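For the record, the sequence lines run as chains A and B. One point on numbering: in our numbering, the residue at position 77 of the first sequence is 77, and numbering is uninterrupted. One point on numbering: in our numbering, the residue at position 241 of the second sequence is 241, and numbering is uninterrupted.
Derived from the structure by calculation, the hints contain no laboratory data. In this text the structure is predicted, and so the values were computed from the model without any measurement. Take the hints with a grain of salt, since some may be wrong.
Where chains are identical, the list cannot tell them apart; a pair therefore holds if satisfied intra-copy or between any two copies.
List time: in silico DMTMM-like cross-link candidates among lysine to aspartate or glutamate, alpha-carbon distance up to 20 Å [stated by the list, open to error]:
1. K285 / E176
2. K108 / E226
3. K182 / E99
4. K191 / E226
5. K249 / E407
6. K191 / E175
7. K341 / E160
8. K265 / E308
9. K189 / D302
10. K341 / D155
11. K330 / D340
12. K363 / E314
13. K285 / D359
14. K182 / E227
For reference, the chains in residue letters:
There are 2 protein chains.
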Amino acid sequence: MSQLLLLSAVRAGAGGRALRGSCSLRAARALHGSSSRGSQGRSLLMAAGSAVVAGLAAGYSRFQRAEMAPRSLPPVSPQGELERRCEGFMAPPVTGLQELQANRADMKTQMELLIMETQAEVCRALAAADGGATFIIDSWHRTEGGGGVSCVLQDGNVFEKAGVNVSVVHGYLSEESILQMKSRGKNLKTKNGKLPFCAMGVSSVIHPKNPHVPTIHFNYRYFEIEEEDGNKQWWFGGGTDLTPTYLNKQDVVHFHQTLKDACDKHGAGYYPQFKKWCDDYFFIKHRGERRGVGGIFFDDLDSPSKEEVFKFVESCAKAVVPCYIPIVEKHKNDSFSPEDKLWQQLRRGRYVEFNLVYDRGTKFGLATPGSRIESILMSLPLTARWEYMHSPPPDSKEAEILNVLREPKDWVQ
Amino acid sequence: MSQLLLLSAVRAGAGGRALRGSCSLRAARALHGSSSRGSQGRSLLMAAGSAVVAGLAAGYSRFQRAEMAPRSLPPVSPQGELERRCEGFMAPPVTGLQELQANRADMKTQMELLIMETQAEVCRALAAADGGATFIIDSWHRTEGGGGVSCVLQDGNVFEKAGVNVSVVHGYLSEESILQMKSRGKNLKTKNGKLPFCAMGVSSVIHPKNPHVPTIHFNYRYFEIEEEDGNKQWWFGGGTDLTPTYLNKQDVVHFHQTLKDACDKHGAGYYPQFKKWCDDYFFIKHRGERRGVGGIFFDDLDSPSKEEVFKFVESCAKAVVPCYIPIVEKHKNDSFSPEDKLWQQLRRGRYVEFNLVYDRGTKFGLATPGSRIESILMSLPLTARWEYMHSPPPDSKEAEILNVLREPKDWVQ
Chain A
1 MSQLLLLSAV RAGAGGRALR GSCSLRAARA LHGSSSRGSQ GRSLLMAAGS AVVAGLAAGY
61 SRFQRAEMAP RSLPPVSPQG ELERRCEGFM APPVTGLQEL QANRADMKTQ MELLIMETQA
121 EVCRALAAAD GGATFIIDSW HRTEGGGGVS CVLQDGNVFE KAGVNVSVVH GYLSEESILQ
181 MKSRGKNLKT KNGKLPFCAM GVSSVIHPKN PHVPTIHFNY RYFEIEEEDG NKQWWFGGGT
241 DLTPTYLNKQ DVVHFHQTLK DACDKHGAGY YPQFKKWCDD YFFIKHRGER RGVGGIFFDD
301 LDSPSKEEVF KFVESCAKAV VPCYIPIVEK HKNDSFSPED KLWQQLRRGR YVEFNLVYDR
361 GTKFGLATPG SRIESILMSL PLTARWEYMH SPPPDSKEAE ILNVLREPKD WVQ
Chain B
1 MSQLLLLSAV RAGAGGRALR GSCSLRAARA LHGSSSRGSQ GRSLLMAAGS AVVAGLAAGY
61 SRFQRAEMAP RSLPPVSPQG ELERRCEGFM APPVTGLQEL QANRADMKTQ MELLIMETQA
121 EVCRALAAAD GGATFIIDSW HRTEGGGGVS CVLQDGNVFE KAGVNVSVVH GYLSEESILQ
181 MKSRGKNLKT KNGKLPFCAM GVSSVIHPKN PHVPTIHFNY RYFEIEEEDG NKQWWFGGGT
241 DLTPTYLNKQ DVVHFHQTLK DACDKHGAGY YPQFKKWCDD YFFIKHRGER RGVGGIFFDD
301 LDSPSKEEVF KFVESCAKAV VPCYIPIVEK HKNDSFSPED KLWQQLRRGR YVEFNLVYDR
361 GTKFGLATPG SRIESILMSL PLTARWEYMH SPPPDSKEAE ILNVLREPKD WVQ
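Start from the sequences, fold in the hints, and give me the full structure.
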């Protein structure tokens, strides 16, 4: 836990800067306490899904805040491989260590460790690229079952607003969720109208300051449902997509190539199928534009086997840092004009439009009582702009990206 | 037409400022040409409803742009009272003069003249209060029937973004509209599944620069539907509401008192009923906050008689300038801090959330093909901001307004 300094949450007023409050080591103790940690200790560690990640609402009763200090690699602990792995996380995992250990081979355990690890990897890479800002870490508990860890960086050197959320939630699916799943073709046999479920995921949106550094979004999730007859349905979903202010073909090719390489290891059809799905999903219908230059997007992936799909998802999650950070490093010191910044702000407006009007996770989260709104709306940019009838000249660099958003291209073969 | 300089629409690039193109007097000629104006001439003048106003989508095939020059009162025209009245409008009315003249006593004519007049009154009052900026005027045509006049001022001395839209649309109701109307209790007998309708309204959102000048929104509309048996259903809807960044009780009392005075002339129950309706409608459910300090809101008003409801709506429309402009004049030169501006930007973020997530007109407009998106989204502020976990200190002036947004108060008896 050397990299974590857990703090209680105190916020200043209109200035909106976090004040650092008194130190709390409860969560740290709960992680390192071994067999003595009972159900009460565990509840402190339970962290629930942001509705964005899992399409599920999450009420929260307690949360703790931490600031990430510069990472120093933790010493190898004598307490075993699992504990050593957890020490690298941004916060204790949502499920208690004992339970994770007892169910080491279960897919839920494997996925929880993967999403916690992805969160930590991405946060560290972002903090290193930023060179100044630190992440605020909220570990929070969902009354209905589960919890979450939200990591947010605001007003850094490079990043305007960067959020990386983990959520692990369980309980019974809401009627709305059941209807939504059935509407997309799932055949679900309920128990007295109820369906026990477990859902977990990592979800992130990174908005940089420099208009030449694109925004990235990614989200990887796992779902399990237990039907009336005890049959367990499971599937994975996720994706990574890029939203540049201006088109830089080299960057877009690098981004797509990195994702394609991750996909190709697991199936030749994955990249073309999930690239198209991404272009179709991130469509701002009322503008006739995609939100960005795409990437990959998939849902309901349940074949050929749990292990094989997990390996594919793992490859995608591991591709986030290499597909994005080189673009950040390349452009973070690029000079830009006030006009570049203005165009970025107008594009941020479109980002807000997509997220509030179309994004299924956001819409569902907002509509469901008890949602943790701050985690859901963490995806919104720090600032955005709307001008009446803004239309760039046909040969401008603004029109160049608009053309790509209107007619998606194939970037790699 | 002395106050109108009609221009073709040309926009500069990322800077987003309007370029003035070559002069077109087609619309002006169409207004002043008398009997020679045929159906082709008329179509130029037809202007269609913003979906915000009428809850109806509006495709547009042509539009013209005009800048309002300082007003000089037009000379009394020998062509009659109706033409003289139209000369005061921001643009020619949507329906041709001849048709208006022929149906002088029809409620559709009376309402179209009222909304055009309201648009002009409000635009002139805003331009005078601003002291610098001029309105960009777009007269546009809806392929499916009708058209609209959008007046937008951006980056003025006082106003950041101010839009006043008129729309007059007719045709057949979409299935979605029929379902929506039935769902709120309307009993409608369709003709082969079709329902001819006419809808018109004026809709406006004014976002000032100074955080001590509140945002205002108003919208007054009239609806007619012809059922299978020839029976005509009609109703009025509308409202005016205020969204301050900080609470100034005197201003809020003045605003509500002016609206109450307008209501009280027509029915003692109107103000309390429509004040509550307003508080209930402008509710950002996921935040547990109202968008602002309310005002009045009503819909489906169809008694005691067409004429009496029209008179009530007219009083409300005439109350817009006196309920708002004195507040603008009082505060437009108030000093403010960067913290005040930041809080204003965070509140603008909430405004965006309400409009994109909840506002029925916006949602419906965005979902309907052929909508004139720029008129629908004209209601969004020029800029907005979202900070993760922003929470003002309990005794701050930011918390003072939040308390009122969380628990609406009665401002006048």
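Output the numbers, in ascending order, of every earlier hint that fails for this structure.
3, 12
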